[in-house]
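Construct the complete structure from the given sequences, taking the supplied hints into account.
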Amino acid sequence: MAYGDFVIQRDLNFTINRGDVFVIMGGSGCGKSTLLKHLIGLQRPARGDIIYDRQNFWRASDAERIRILRRIGVLYQSGALFSSLTLAENIALPLGEFTDFSRTEIADIVSYKLALVGLAGFEDYYPSEISGGMQKRAGLARAMALDPEILFFDEPSAGLDPVSARLLDDLIINLSDALGTTIVVVTHELASIFAIGTNAVFLDPETKTMLATGSPKHLLAESKDSKIIQFLTRGEGNVETTR
Amino acid sequence: MKATTGMTDIKDISGHIKFEQIDADTWSIRLAGSWTQGANIKPVEQVLAQLAATTPFARLTLQAGDLDRWDSRLPTYLLAMLDYCQAKNIQADLSGLPEGIQGLLNLARAVPERAGDRRSAQQTPALAKIGMMVLSGLADIKRLIIFIGETVQAGVSLMRGKARFRTVDLFLCIQETGPGALAIVTLISLLVGLILAFVGAVQLAMFGAQIFIADLVGLGTVREMGALMTAVIMSGRTGAAYAAQLGTMNVNSEIDALKTMGISPMEFLVLPRMLALILMLPLLCIYADFMGILGGAIVTTNAFDVSLTQYFNQLSKAVDLTDFSIGLFKSLVFAVLIATAGCMRGMQCGRSASAVGDAATAAVVNSIVYIVVADSIITLICNRLGI
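Residue numbers (the numbering used here), protein chains in the order written: chain A, 3 to 245; chain B, 349 to 735.
Derived from the structure by calculation, the hints contain no laboratory data. Treat the hints with care, as some may be off.
[Stated by the list, open to error] What follows is a set of in silico ranges between Cβ atoms, one per label pair, in the way DEER data are often shown:
#1 B/508 with A/130: 32 to 38 Å
#2 B/729 with A/130: 29 to 35 Å
#3 B/729 with A/86: 37 to 43 Å
C-beta atoms are modelled at their ideal positions from N, C-alpha and C, and glycine is treated no differently.
Written out as structure tokens, the structure is:
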């Protein structure tokens with residue numbers, strides 16, 4: 003992965019299994035969000051491939067790429083709701099474009115998705131009229147609109163108070179358990195990493211590559227790499243003190 | 349403590365610094381008084397110069413027994429001294445300072461500056477600057493070509509009935525672009541017609557040919573000013589708005605969100621805006637033509653000895669459908685240019701608030717340049733063709 007000549011990360015090789023809650027972690031500026039951009043089709047990798055179900059994402063034709071994109075949902079850091087549309091219209095947009103549901107069916111689905119994220123009754127509000135945390139949850143409702151197989155989260159707990167962050171974590175676990183959705187989370191929130199992660203990759207900004215992949219708890223227990231231990235223990239370096 | 353108001357107050361606050369030689373190798377510095385913002389303190393350069401003037405020594409102890417109050421000024425002062433000590437290989441003893449200051453000093457020096465982290469102010473030679481300007485110009489042209497290509501693709505899928513955008517958005521854009529601009533177009537084109545009439549009338553009246561004001565205003569407005577003035581208004585009003593809207597959507601990741609939904613932002617965002625402007629600008633242009641002619645009529649009938657009937661008779665002799673069509677054609681071209689400049693700058697906007705401002709400015713400047721250049725070319729062609 004690179005911006006022009008500036009290499010962000012190299013030699014990344016990891017697998018996300020179906021049903022995983024996969025955490026992309028690492029210190030600030032290590033390229034977590036850039037990796038996410040590559041995975042969701044916003045930036046072409048300088049070299050290498052991204053493979054969805056044996057289908058090569060970046061070498062596929064445009065039409066196929068769009069078909070793959072329709073199977074994923076993304077929650078952006080800021081929510082990225084369309085500011086000119088109400089919450090209901092935001093969520094209804096992908097439904098209206100890609101399904102043949104009738105108007106009333108779409109309205110029902112919209113209410114259901116909003117209720118799932120705890121925003122029942124907020125259909126006719128504009129994104130600017132609700133708080134940042136609510137925008138994020140509404141963004142999640144939109145990402146879930148088409149019942150995607152894979153959901154991507156960019157820093158879901160950034161800018162949320164601890165209780166809301168916890169609720170969002172619970173929601174993620176629920177989605178993964180109840181719907182079997184594969185979930186990919188970019189985060190450096192330790193509490194979240196241990197609470198939800200079943201698999202992870204650790205990116206390091208200095209060596210510009212991944213240091214390890216595997217379940218976060220496993221990494222903490224077995225990793226010999228001091229950088230990973232430092233990260234997973236808030237720099238205390240001692241395994242016993244955290245859990 | 350109350351805010352300092354008089355001279356006496358300022359004099360009262362001062363920080364003191366005292367030197368003492370303890371033995372051959374050791375100097376001591378004692379700090380006392382108030383080391384706060386606004387206090388009267390000897391500049392650090394003078395202190396360092398004094399230290400440099402003494403015989404070389406190896407140890408410096410810093411003490412602050414009688415320190416009254418201090419803020420960021422004291423650590424800054426001390427850091428400058430410590431830098432000096434490091435450069436001269438003098439061992440500095442901080443143990444005489446209050447713990448708070450020691451902690452801050454340690455914190456400030458905990459992460460040393462890495463070589464190459466600081467941006468050096470480089471002087472770029474003029475030749476390199478010119479080269480970079482050419483390169484960025486070329487990159488701009490490349491982006492323009494890509495944008496035009498994508499627009500054409502979106503246009504093709506529109507013709508095949510496959511373009512994805514909300515009809516509501518199209519109507520909102522039309523409302524904003526057309527009827528929303530009526531008031532300002534009315535005002536400007538009426539006044540431009542008035543001005544044309546006055547400018548012409550003064551000359552024509554010299555040989556009693558006031559009646560030909562109608563020709564001048566009619567042809568001038570219909571062929572040229574109507575289209576040009578509406579285009580300039582719309583580039584400031586709509587082109588800038590498009591760039592700012594799309595730019596803000598870019599900053600807010602809304603365009604990314606569309607892409608990952610599998611919806612083409614070119615179809616969803618750019619197409620309705622382009623269509624709205626292409627539909628509305630010619631209509632506005634016709635309206636502006638009539639307003640301009642009306643403005644001319646006001647001047648001619650009131651200030652010069654021409655009746656309204658005469659004015660319109662003369663006008664219908666001078667202006668025919670070809671003139672109207674040329675004006676309309678121009679406005680169509682201008683619409684495409686304004687929409688392209690506005691949408692392209694918006695779509696390619698960077699991700700900061702200042703980038704949105706730059707995008708809006710660039711959109712207006714570009715579209716006005718495009719408009720004037722295109723106008724000259726079309727006028728030249730019409731002249732050559734004799735129409």
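Going through the hints against the structure:
1. B/508 with A/130: 32 to 38 Å: holds (36 Å)
2. B/729 with A/130: 29 to 35 Å: Violated, since residue 729 of chain B and residue 130 of chain A (Cβ atoms, about 48 Å apart) do not stay within the stated range.
3. B/729 with A/86: 37 to 43 Å: holds (40 Å)
Figure legend: structure checked against the earlier numbered hints; the only hint not met is number 2.
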